[in-house]
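Visitor: If you read the protein sequences in the order shown, they are chains A and B. Here this note's numbering is used: the first sequence runs in plain steps of one and ends on residue 313. Here this note's numbering is used: the second sequence runs in plain steps of one and ends on residue 248.
Rather than coming from a laboratory, the hints here were simulated on the basis of the structure. Here the structure is a predicted model, which means the values were calculated and not measured. Glycine is no exception: its CB is placed at the ideal position from the N, C-alpha and C atoms. One thing to keep in mind: the hints can contain errors.
As the list claims (entries may be wrong) - Now the stretches of chain B that chain A is said to cover, found in silico as 3 or more residues with beta-carbon under 8 Å:
| # | stretch |
| --- | --- |
| 1 | 83-91 |
| 2 | 112-119 |
| 3 | 164-170 |
| 4 | 192-199 |
| 5 | 203-210 |
| 6 | 220-234 |
Claimed, not checked - Here are the simulated EDC-like cross-link-like pairs (lysine to aspartate or glutamate), alpha carbons at most 20 Å apart as the crow flies:
| # | chain 1 | residue 1 | chain 2 | residue 2 |
| --- | --- | --- | --- | --- |
| 7 | B | K230 | A | E286 |
| 8 | B | K240 | A | E256 |
| 9 | B | K90 | A | D64 |
| 10 | A | K284 | B | D121 |
| 11 | B | K90 | A | D110 |
| 12 | B | K240 | A | D295 |
| 13 | A | K53 | A | D236 |
| 14 | A | K274 | B | D88 |
| 15 | B | K16 | A | D14 |
| 16 | A | K304 | B | E236 |
| 17 | A | K274 | B | E236 |
| 18 | B | K102 | A | D110 |
| 19 | B | K168 | A | E175 |
| 20 | A | K312 | B | D233 |
| 21 | A | K277 | B | D121 |
| 22 | B | K144 | A | D222 |
| 23 | B | K224 | A | D236 |
| 24 | A | K312 | B | E236 |
| 25 | B | K240 | A | E175 |
| 26 | A | K274 | B | D121 |
| 27 | B | K230 | A | E168 |
| 28 | A | K312 | B | D120 |
| 29 | B | K230 | A | D295 |
| 30 | B | K218 | A | D143 |
| 31 | B | K230 | A | E308 |
| 32 | B | K230 | A | D287 |
| 33 | B | K218 | A | D236 |
| 34 | A | K274 | B | D233 |
Each chain, written out:
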Amino acid sequence: MTANLKTLVWVEHDGSAVKDATLAAVTAASQLGEVHLLVAGQGVDSVAQAAAKIAGVGKVHVADDAAYAHALAENIAPLVVELMGHHDAFVAPSTTTGKNVAPRVAALLDVMQISDILSVESADTFTRPIYAGNAIATVQSSDAKKVITVRGTAFEKAATEGGSGEIEAVASQGETGVSTFVNAEIAQNARPELTSAKIIVSGGRALQNGENFHSIIEPLADKLGAGVGASRAAVDAGYVPNDYQVGQTGKIVAPEVYIAVGISGAIQHLAGMKDSKVIVAINKDEDAPIFQVADIGLVGDLFKVVPELTEKL
Amino acid sequence: MKVLVPVKRVLDYNVKPRVKADGTGVDLANVKMSMNPFDEIAVEEAIRLKEKGVTEIVVVSIGEPKAQETLRTALAMGADRAILVTSDTKVEPLGVAKILAKIVEEEQPQLVILGKQAIDDDNNQTGQMLAGLLGWGQGTFASKVELGDGVVTVTREVDGGLETDSFKLPAIVTTDLRLNEPRYASLPNIMKAKSKPLAQKTAADYGVDVTPRLTTLKVVEPGKRQAGIKVADVDELVTKLHAMGIAR
Numbered sequence: 001m002t003a004n005l006k007t008l009v010w011v012e013h014d015g016s017a018v019k020d021a022t023l024a025a026v027t028a029a030s031q032l033g034e035v036h037l038l039v040a041g042q043g044v045d046s047v048a049q050a051a052a053k054i055a056g057v058g059k060v061h062v063a064d065d066a067a068y069a070h071a072l073a074e075n076i077a078p079l080v081v082e083l084m085g086h087h088d089a090f091v092a093p094s095t096t097t098g099k100n101v102a103p104r105v106a107a108l109l110d111v112m113q114i115s116d117i118l119s120v121e122s123a124d125t126f127t128r129p130i131y132a133g134n135a136i137a138t139v140q141s142s143d144a145k146k147v148i149t150v151r152g153t154a155f156e157k158a159a160t161e162g163g164s165g166e167i168e169a170v171a172s173q174g175e176t177g178v179s180t181f182v183n184a185e186i187a188q189n190a191r192p193e194l195t196s197a198k199i200i201v202s203g204g205r206a207l208q209n210g211e212n213f214h215s216i217i218e219p220l221a222d223k224l225g226a227g228v229g230a231s232r233a234a235v236d237a238g239y240v241p242n243d244y245q246v247g248q249t250g251k252i253v254a255p256e257v258y259i260a261v262g263i264s265g266a267i268q269h270l271a272g273m274k275d276s277k278v279i280v281a282i283n284k285d286e287d288a289p290i291f292q293v294a295d296i297g298l299v300g301d302l303f304k305v306v307p308e309l310t311e312k313l
Numbered sequence: 001m002k003v004l005v006p007v008k009r010v011l012d013y014n015v016k017p018r019v020k021a022d023g024t025g026v027d028l029a030n031v032k033m034s035m036n037p038f039d040e041i042a043v044e045e046a047i048r049l050k051e052k053g054v055t056e057i058v059v060v061s062i063g064e065p066k067a068q069e070t071l072r073t074a075l076a077m078g079a080d081r082a083i084l085v086t087s088d089t090k091v092e093p094l095g096v097a098k099i100l101a102k103i104v105e106e107e108q109p110q111l112v113i114l115g116k117q118a119i120d121d122d123n124n125q126t127g128q129m130l131a132g133l134l135g136w137g138q139g140t141f142a143s144k145v146e147l148g149d150g151v152v153t154v155t156r157e158v159d160g161g162l163e164t165d166s167f168k169l170p171a172i173v174t175t176d177l178r179l180n181e182p183r184y185a186s187l188p189n190i191m192k193a194k195s196k197p198l199a200q201k202t203a204a205d206y207g208v209d210v211t212p213r214l215t216t217l218k219v220v221e222p223g224k225r226q227a228g229i230k231v232a233d234v235d236e237l238v239t240k241l242h243a244m245g246i247a248r
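Start from the sequences, fold in the hints, and give me the full structure.
Guide: As structure tokens, then:
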């Protein structure tokens, strides 16, 4: 099913490469119609080149300006609004940037945004999770233009090769002057990113402290080439930084294997990982709710079991 | 300096949502309702800013008349006065943002602190929309808020870690989980809150058209996962994982 809209997809990037979340958004947009991309940033030639190769892409609008260097929503939104003069739908991945920018765009266009879609049913009808994914709503939009964010785990990733998009520079709308980037502490992590990892090992409060998280969870993850996640409890307790959090308000993941260690399985955590293909749970409490969703459960003391598992795998 | 804090009444965080059999939504009859947890964090942050020059905290809720209870909770926590805006229809984030923009015009706050998302509809839109309508800066997903001279500096939880941005006042801030731990209202404060001012308005009073733009066609339960097997020990777990082609 493909509708007949002209879409503008926000390209999430790190200044040099296109992020995977973009590829799922491209797939969602392709179900609505023609896919055009927006690459905004400073010195983003290589990103634009890579974006143009994404399969099925038409025009790649490139806004290269200091105003867009840090993707501040206050500066990006007027740029998107300008481009939406000749597009029907703005489609952004549900990344923190997408979630920051899209509603501002929607308000400026007087459109009610459809957040975090799981599927495209038709040009105006979508499914989306509500109540931490405990219910799935089918919603129909009456707005002439659509503003949509896309859940990355719900759509296949578009191929990064095979496209021949036409790169077109767009004029900068300049700075609005209401916001200034100060600094960023972005974790430098050799492990796979959570949202694209094939295997994830996640730890919970039962780890007791950051050192244990480090000495128990990370060796298993490294043995498996896995990404490392955490429950909200582990993040709140300061064992690991916020970008590890999997759940309703953290990252939504769907790896091939999700290994939950010492995580009880609150609905807010399940909301972030229950679409994983295989869930393995290790917990000493045999009644922990995580076992209700786990394909393979092992009741045991994680301090004994996990090092043994790391060794035997 | 005045701070405006919008709050929403939602299904309590600890209650498991049940989809209604007729597929029209989630059953909210006879279940515990509470203030959206992110909004509690917003109220708490406003109260903490009182030690740094904030003189008045106005809380506002838009929804059914029972949202008054949520406002009383905010007043008991330490807000000074409340505005209840009732509406016969469900008001979407866009409509909420438009009403809030009108209230901002009247109240002239320097800061509006909102929860980053409500745990019922999980939209994560209202703060950004309000900022867009007002042309203000938006410090979203805040884990730290510092008021300076004419600016607010916000540390934001982003996918890769933390990002700090500064915003000219007036500005919007939306709260993330780790901004603070909200206080419980004490019994004396709950009693005191009953006599704090609460103005009652309707959406029509603000001349805002809140006709929904989205129609919910149906609401269903997601596909359920079946519990799988339990293994006896690590050796059996390793065998199972290998049989699935993992870590071989």
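Visitor: Which numbered hints does this structure break?
Guide: 1, 4, 5, 9, 10, 13, 14, 15, 17, 21, 22, 23, 25, 27, 28, 33 and 34
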